[in-house]
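Student: Following the hints, complete the assembly by docking chain P onto the known chain U.
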Amino acid sequence: MVKWIPNPDPAAADIIDHVAHFRLNLADHHHLSAPDQVWWSVLIALDGVSIDGFEALAQDYADDLMIPAAYDQADRALVLPRQPVTIFARARLIERMNRWGNGLGVVSVLLGASVPTRFLDPEAQPQDLPEIVVPEGTVVQAVVDDGIALAHDLFRRDATTTRIHHAHLFETEPLAGGHATLGRGLEAGQIDALLRECTIGGMLDEDLFYARSGQVDLAQDVFSTVAMRRSHGTHVMALAAGDPMPEARADRPIICAALPSRIVADTTGFDMVPVLYLAFHILVRQARRFRTEQGAFAPVVFNFSYGNTGGPHDGTQVFAEMFDRYFGPRAVSPAGRRQRAWLTLPAGNANLDRLHAVAPHGSNRPVRLDLAVLPDDRTPSHVQIWLPVAAPGAVPPDAQITVRAPGGTDSGTIPAHPGQHTALVNARGERIAWLACQFVGGETKRSLVTLSINPTANIETGADLAPAGLWNIEIERPPQCSDGAFHIWVLRDDTLPGQMPGARQAFFDNPGYKRFDRFGAPLPVDPKDSDCPVRRSGTLSGFACADSPVVVAAYTAHTAELSGYSAAGPLNPSRDRPQPQRQGPDLAARGDDSLVRRGVISAGSRSGSWVRLSGTSVAAPQVARLATEDIASFDGTARNWAVQAVEQDRFPLRGDPSVTRTGAGAVAGKPFRP
Amino acid sequence: MASGPENALNALNALNALNALNALGSTNALAAGGGGSPLLSEALITSRDGIVGARIDPITTPVPGLPDSPQNLPRLSRTVRAAIVQADTVDIEGDETTATCWRKFSERDGRRRRVSFREMIQISGPQMDQLATQLDLVSGYARIRPDRGAEILSQVTPPTAFFGSIAFLDAARTPYTVELLNTALEFALPVIQRIKFALAVKRPVEFSPQVQPMIATPTHGSLPSGHATEAFLMARLLWKLLLKSDAPQYTDRAWWGTMLMRQASRIATNRTVAGVHFPMDSVAGAALGLTLADHVAAMCRGGAWSSGNFDAPLFDPTCDFDWHQLYDAEGDQLRPEATSDRGVWATFTQHDGPAEPPAPALHWLWHKAQAEWRDPSHGAQG
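For the protein sequence lines, the chains are U and P, in the order given.
Our numbering applies: residue 1 is where the first sequence begins, and numbers increase by one.
Our numbering applies: residue 1 is where the second sequence begins, and numbers increase by one.
Here chain U stands alone, though its shape is the one from the complex (with noise of 0.2 Å):
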């Protein structure tokens, strides 16, 4: 018998953020080892203090922090609002940060995945980078992504000689003495040293190379996608950047950043943002060493092919700020110079997906949502019910939410002010689900609403597993106060075939979503008729949600129309700006050739092999290397650029899809072919 427990923690009122509390008091057989043992990436908020002035506060904690060598010293003497900082840190520091409150300068707390202690360097030393001197028209080109087959011919000019200066691998283990906290760095002289020692009879042994570049070890559980047929760096960045020898480019280096896959056996749940964000900042330090003669930063385009659902759609996550803080007009740039930076994101592949729902505006009707979640789910579902901004001196949205278990007939309720929370538990008393609400500040000053939910299957033991099926979220709101809708989601929760630890995707299931048309094809918009909650549109990735990069949806060219998958806008108002600086994506490239061949084709994991991939993801990468050609002259801003290229090359899309789902329309592109 399950009940819920209203409020039963009186000090929830000062949490900063449910989801990372809820994560770290799942029971102790989730974690991978004793939890205050358990090293996690964490992505902080640090509000009027320096990263140095931080360390400084958490004196106490000396023992829990890893502040990453990727900070130098300028970096950490930087006092800025609402600085997003990744650190490495364990529970006893992480639940401290996590109050308001917390007298160290931490004014969010976003909590990554739980890093093995092995790939942990704590005394990895900030690195020297002295300039490159590159030629006038060089662009540089930095991939994030995961499983890059740094070996592979197309990212090489000969043999043994690499064309990326910088490759950063989180998921090796670190080397001694090196300047990566998390996995390790390699210089291009350093892979160049790789390839001539696994060059043996004139033949590069690629098996052999990923293993001495620490990418791939079996006996060690290190393990990356580069030792399958199909890894997605290689074939993201093949697309973006990958050149045959001869024609390789010396004003095209490249760098790049693979992240870390997801093998651990822990069940808490992971987010990559903190890495995610790392990553970009290695990047953006590697990208300022290319000088040309005249001493100008040589520009960079930056390709992320990476997504996810969740956040409030407005411009002001923290990961959407992301670029603008590196590159946009408040950036801090070393000696005040600019770097011209352009970064392409896929709108994601979200829209058929069923992760998204919409409480509209003025209706006086609960909205109620059912929520499949899957048996054999090892790991937590999380739903955010994101409320709309309240205008200044308005009277703040409210609404009351209530959740029902699969077969319980106890409900729980909470009004959905900042501190308010319920808790599932079972029989044992165990606590199985929590639902929440949290006032998120920053730019984005939304109440947030979340429900986390406990894994259904666990090998190890069945105690404090959620029952798997339909769970009802209803959601009623005053009438008085209707100002805006509530955009609800389920968070990202599923892990590939084969990897652990066996994640499936709750998604929503209710009965007036229509899915197909009157023939059985798949509808890639909602109907116009229909008053179903659950959308397609505003499906766009999180992430891309930003005013300065260029945001790239998918379309199939032998039919000539978008993808079904390619996720749409539009955006929600901020308090600061009540038009979206965006409607959905900026533009459409190619993300599969047909129905029949789904994806394109571009690099397999081994030099000289070609595979398919689809998705969005695949489609910016196309873009950033059409990007690179006009980044130098252009004159304008990136998504400036973007409509330009495509009424200079625009591929014409059957059944005029909506500006919320292509922005300016598809760019036809030259086909990736080997």
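Think of the hints as simulated: they come from the structure by calculation, not from any bench.
Built from N, CA and C at the ideal position, the CB exists for glycine as well.
Some hints here could point you the wrong way.
Mimicking SDA-like on lysine to any residue, the simulated pairs with C-alpha atoms at most 25 Å apart in a straight line are [to be verified]:
| # | chain 1 | residue 1 | chain 2 | residue 2 |
| --- | --- | --- | --- | --- |
| 1 | P | Lys244 | U | Lys514 |
| 2 | P | Lys244 | U | Met203 |
| 3 | U | Lys514 | U | Cys532 |
| 4 | U | Lys445 | U | Val425 |
| 5 | U | Lys514 | U | Pro375 |
| 6 | U | Lys445 | U | Gln581 |
| 7 | U | Lys445 | U | Gly101 |
| 8 | P | Lys202 | U | Gln220 |
| 9 | P | Lys368 | P | Thr347 |
Between beta-carbon pairs, the in silico distance windows are [as the list claims (entries may be wrong)]:
| # | chain 1 | residue 1 | chain 2 | residue 2 | range |
| --- | --- | --- | --- | --- | --- |
| 10 | P | Lys244 | U | Lys670 | 41 to 51 Å |
| 11 | U | Gly669 | P | Glu186 | 55 to 65 Å |
| 12 | P | Gln350 | U | Gln190 | 34 to 44 Å |
| 13 | P | Glu186 | U | Arg515 | 37 to 47 Å |
| 14 | P | Thr60 | U | Asp28 | 18 to 28 Å |
| 15 | U | Gln190 | P | Gly343 | 26 to 36 Å |
| 16 | U | Arg597 | P | Arg118 | 57 to 67 Å |
| 17 | U | Arg597 | P | Thr217 | 58 to 68 Å |
| 18 | P | Gln249 | U | Ser594 | 31 to 41 Å |
| 19 | U | Arg673 | P | Pro376 | 54 to 64 Å |
| 20 | U | Ser633 | P | Pro376 | 51 to 61 Å |
| 21 | U | Arg597 | P | Leu39 | 24 to 34 Å |
| 22 | P | Pro209 | U | Thr117 | 55 to 65 Å |
| 23 | P | Lys244 | U | Arg673 | 38 to 48 Å |
Tutor: For chain P alone, coordinates are given in the frame of chain U:
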């Protein structure tokens, strides 16, 4: 919570084992030969994904097998027993830790024939703690089973097609080469089985309940790997034919030779991926197969043969199999020695000696096979 690579799951739809299954489904013949079922293997992979859990460590190490003991016979399949019995006609002996395969020499001495034997290959069995250490690699390799499923099932039977995709093998074009390779395999089988029997090395599945191989574990011993022995034997024999063909491309560096060795290595490693072999089994198998290739070639052509020694206890069990440590395709040479921190774990010696006459039947077959690789020339009779 996950923020993942966009559409990586879609990607995996294409790469996951179901697609491998579809691919296999269209080639029913593959399942027939080895008795393997694509559906069963796919099911074994997903079932393992579901129940395997975090690595259990440590697990009590099993007791060593009983070397060279008839007590093992009831546990072997009938075909394996037949091969072992057949091997009583070749000279292999086992003691507590070592199996030795002898090479026979005979010469006429008046009305008598004098027969002598020289050691051709000596393999010392591994220690149990080495195998327990190697289990880490076996577990790691299990991660790529979905990627290798089609290859593993197709390679349950002799992998002629995989070598035929590098060297132009075809039943009509190169019938004698195929015959030569099959003859060599027929010869190798009893040798392999007799050495396995002598060493009685236990399989990975006996070291941990988490290995859960995706194909049935064969009844015979683990070391040396029969697949590794056969694959390297085939690869090197083919390479010898190519080298003597006078076709210019085959003597340009060792592009074909290296690729044949890579293929052999991949076939050997796939058995570890499947969960039925330790990487050390592949090391021993490659050492045996490469040595037997010289022996077969010497029987066919006369002349030099090689002897080798694999001293498993001196192999560093944290290391993976790397064929480059044993053999250099450029020059078709076994490397004189391979070392680890523990000492010299493999040695090879080439014996040039006085030219020995080839075995007439093999000599005939070799020349027929050799001719299949020569370019036709104007004026020559077809």
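Student: For a C-alpha distance cap of 25 Å, please report whether U/Lys445 and U/Gln581 respect it.
Tutor: Distance of about 17 Å is within 25 Å: holds.
Student: Do the Cβ positions of P/Lys244 and U/Lys670 conform to the proposed distance bound of 41 to 51 Å?
Tutor: For P/Lys244 and U/Lys670 the Cβ distance comes to about 46 Å; the hint holds.
Student: Look at the Cβ atoms of P/Gln249 and U/Ser594 and judge whether their distance stays inside 31 to 41 Å.
Tutor: 38 Å, holds
Student: With 34 to 44 Å as the target window, see if P/Gln350 and U/Gln190 comply at their CB atoms.
Tutor: 38 Å, holds
Student: Do the beta carbons of P/Pro209 and U/Thr117 sit within 55 to 65 Å of each other?
Tutor: Violated, since P/Pro209 and U/Thr117 (Cβ atoms, about 27 Å apart) do not stay within the stated range.
Student: Please test the hint of 58 to 68 Å on the beta carbon pair from U/Arg597 and P/Thr217.
Tutor: With Cβ atoms ~39 Å apart, the hint is violated.
Student: Starting from the range 26 to 36 Å, see whether the pair U/Gln190 and P/Gly343 falls in it by beta-carbon distance.
Tutor: Once the Cβ atoms are compared, 31 Å apart, the range 26 to 36 Å for P/Gly343 and U/Gln190 holds.
Student: For the range 54 to 64 Å, tell me whether the beta carbons of U/Arg673 and P/Pro376 fit it or not.
Tutor: 36 Å, violated
Student: Would you say the C-beta atoms of P/Thr60 and U/Asp28 sit inside 18 to 28 Å of each other?
Tutor: 26 Å, holds
Student: Is 51 to 61 Å right for how far apart the beta carbons of U/Ser633 and P/Pro376 are?
Tutor: 58 Å, holds
Student: Under the criterion that the straight-line Cα-Cα distance not exceed 25 Å, is the pair U/Lys514, U/Pro375 satisfied?
Tutor: Distance of about 24 Å is within 25 Å: holds.
Student: Within 25 Å, alpha carbon to alpha carbon, are P/Lys368 and P/Thr347?
Tutor: 33 Å, violated
Checked against the numbered hints above, the structure violates hints 1, 4, 9, 13, 17, 19 and 22; every other hint is satisfied.
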